[in-house]
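Turn these sequences into a full structure, and let the hints steer you where they fit.
Chains as they are written, first to last, in the numbering used here: chain F, 96 to 308; chain G, 96 to 308; chain X, 96 to 308; chain Z, 96 to 308.
A hint or two may mislead.
In this list, chains with the same sequence are indistinguishable; a pair is considered to hold if it fits within one copy or across any two.
In the DSBU-like style, the derived pairs of lysine-lysine whose C-alpha atoms are separated by at most 35 Å in a straight line are [stated by the list, open to error]:
id: 1; residue 1: K279; residue 2: K182
id: 2; residue 1: K136; residue 2: K210
id: 3; residue 1: K279; residue 2: K136
Because the hints were derived from the structure by calculation, they are not lab data.
Below, each chain spelled out in residue letters.
Number of protein chains: 4
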Amino acid sequence: MALAEVNFFSQTLMRTVPFYAILPCDKTGFDGKRQENTPFKTLYLLHGIFGNYTDWITGTRILRWATDYGLAVIMPSGDNRFYTYNKANGEDYAAFIEELVYETRDMFRLSHDRKDTFVGGLSMGGYGAITNGLRYPHLFSRIIGLSSVLHFPTTLETMEDMPETPDCYPFGRTFLSTIFGDVKNLKESDKNPVVQAKRLRAAPAGILPQLRR
Amino acid sequence: MALAEVNFFSQTLMRTVPFYAILPCDKTGFDGKRQENTPFKTLYLLHGIFGNYTDWITGTRILRWATDYGLAVIMPSGDNRFYTYNKANGEDYAAFIEELVYETRDMFRLSHDRKDTFVGGLSMGGYGAITNGLRYPHLFSRIIGLSSVLHFPTTLETMEDMPETPDCYPFGRTFLSTIFGDVKNLKESDKNPVVQAKRLRAAPAGILPQLRR
Amino acid sequence: MALAEVNFFSQTLMRTVPFYAILPCDKTGFDGKRQENTPFKTLYLLHGIFGNYTDWITGTRILRWATDYGLAVIMPSGDNRFYTYNKANGEDYAAFIEELVYETRDMFRLSHDRKDTFVGGLSMGGYGAITNGLRYPHLFSRIIGLSSVLHFPTTLETMEDMPETPDCYPFGRTFLSTIFGDVKNLKESDKNPVVQAKRLRAAPAGILPQLRR
Amino acid sequence: MALAEVNFFSQTLMRTVPFYAILPCDKTGFDGKRQENTPFKTLYLLHGIFGNYTDWITGTRILRWATDYGLAVIMPSGDNRFYTYNKANGEDYAAFIEELVYETRDMFRLSHDRKDTFVGGLSMGGYGAITNGLRYPHLFSRIIGLSSVLHFPTTLETMEDMPETPDCYPFGRTFLSTIFGDVKNLKESDKNPVVQAKRLRAAPAGILPQLRR
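Structure below.
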């Protein structure tokens, strides 16, 4: 098993950003026999609000778990941005997830096969996993949403009731508008996973990722 | 000399963020004699656009230079935000620099003395160093601006002439408004170092930081 | 809380070596109120055989635990050397632990008080914690030994019965001699914690560290 | 370009060890156009005495240079061991270099072609590059030796004249014996690059790596 802390230049975010990668590459045990590796199955794993790329490594035993299952795991920073996009401020953390898949395939020996590529996350990361899993179904065959934040797309339209600057900063109107952009018609947009899933029903058979909560 | 890659929770940014720290703490050389250390003089050193906290370590020989001069160096990420603030989106990278000073003094054995505390930077980081050095003159006694971006505060008011989405993403109207907020009266605001310096002239003697370009 | 990955030049090992440090320095919670920090209580925490400085961070939730208890934690690499010394090959990983205490106090805002300074470890690290806790009782007031390797000092004298190169490399005669040096009279040496503890009984009252297994 | 700090379990050293990797994987520039990457040409780059895997990153601008030339660079720690082996203490830092080639090919998208694989180093690392380049000529097509330490194999036989414990620790008899093992006949062994090169002359044409000093 190898643990890599990587910094690379993201074209989407137009700056150098860090992530952690787990690579299950040295499963030889103590007999000293090297095992022929095939390109790794890969999980893109998204942290929750207030955290960053270090969360999964320091807060869980993901390294051991991934090694046991022979799974590569890629853990980027979400910068409290919900892994979504906002045209008004030029940021696109959704496209960043797509870019991350291609870039990490360039770096590491990862499988390029959709059926070997998964996306998962916790809380804010659960929202990111579900919406990006449904946004890029040609990339991801499975989605794991843990305690996912799913109410925003349907509740933000009534955001006038929210305090401008609440006790807990990111949950006020100001910041949520920065993240999600204009909240009108948000419920009907591709930032609502229900809308996304309905659209995918009309897509060719088999392209809807499997969802595990 | 010690090089530390640190992740800590920023109250200002409300998320875990990384920075690099150089600590000139083992200046013993090969005679094996330990030298009594006093709290370190400290330079807060800000990178330019498109980069992050790793820039100074990977792109220069700052580690050697800082060791030679017995200087601690703290290098945060600026996230293309010019180390300034924008009330409209709730982000305050200026206050983050202030927080960083207090937090790193809690972590490391740094001098708390204004005369031992400096801020410097390159390009976007030069703008950040000059404006925050003048914004927090009780913290910083010297400012180093290298190829500093200084035209924005006076040119952004005519931003209508700028393309919305230029070839090079961060320099369009959209992104610059996200960073600097409402650009009206920007020239008269504390985001313009000329305004800042004029105000400081009226302050008690000796509080204006020395500027080296 | 801050997590720092540090590389520094060790005079004892005569090379740059990495360690992880946890610093419980930003216990402000979400009310935004900064808390006056006193210098941190500190635990030097030693990993087991086959591992390195990353073990505790990736294999446990030590970061959360240390934050909850307001404890700094310093985690060096042991290089399969049992945190002991061998004059025959010029290596002294015992003195390295002592050096690490002084060096980290130079770097970070750690308490210099013996009663705030602890050493602990798992398996090989448990042996290192117990023997160095008893070797440097003026530094450490408490010792934590988890599944500590304690049989070596009494069993290595009969090492002739051991295979030269066993299935599992570090446990053959060759390597153990490299670590522990001449194994004759090892049982009577300060590499045997029973001998160390007996000697300390004759020392001034209160200098024997408390041991928790 | 990506910079990765990696920790992996080395079968040869029987412990987790760190290295830095540069991957020239995102050569897209500012036009946003992704470039099809072929597996990377790779340089294994070895640091000098007293240093570790961080030396090349912090002390040079190798990151920029490697990016400009489209070269992957792998930088391990040498632990003052001269990248050689010593049967007497069970350590084999020569085999570690071989293992590192195979392991990094499992992790990253590196060319497996001998003609795309190089080894280089400075001082102690120059000795390591030359001797391992000649030891594993099926792996490396080119060797770069910078200020290489080449006198040891021919001078250590008269080591009796050396001080046991000199001012500068690693250069006494004790430590050098630990590294190089029994120094008798060292001049005639495969730890002497002259002997290695002579042997390779008898090997099939084209297998002798090119050497650049």
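Tested hints:
1. For the identical chains of this complex, K279 and K182 are neighbours both inside a copy (14 Å) and across copies (22 Å), given an alpha-carbon limit of 35 Å.
2. For the identical chains of this complex, K136 and K210 are neighbours both inside a copy (9 Å) and across copies (30 Å), given an alpha-carbon limit of 35 Å.
3. Taking the shortest alpha-carbon separations for K279 and K136, neither the intra-copy value of 39 Å nor the inter-copy value of 51 Å comes in at or below 35 Å.
Figure legend: structure checked against the earlier numbered hints; the only hint not met is number 3.
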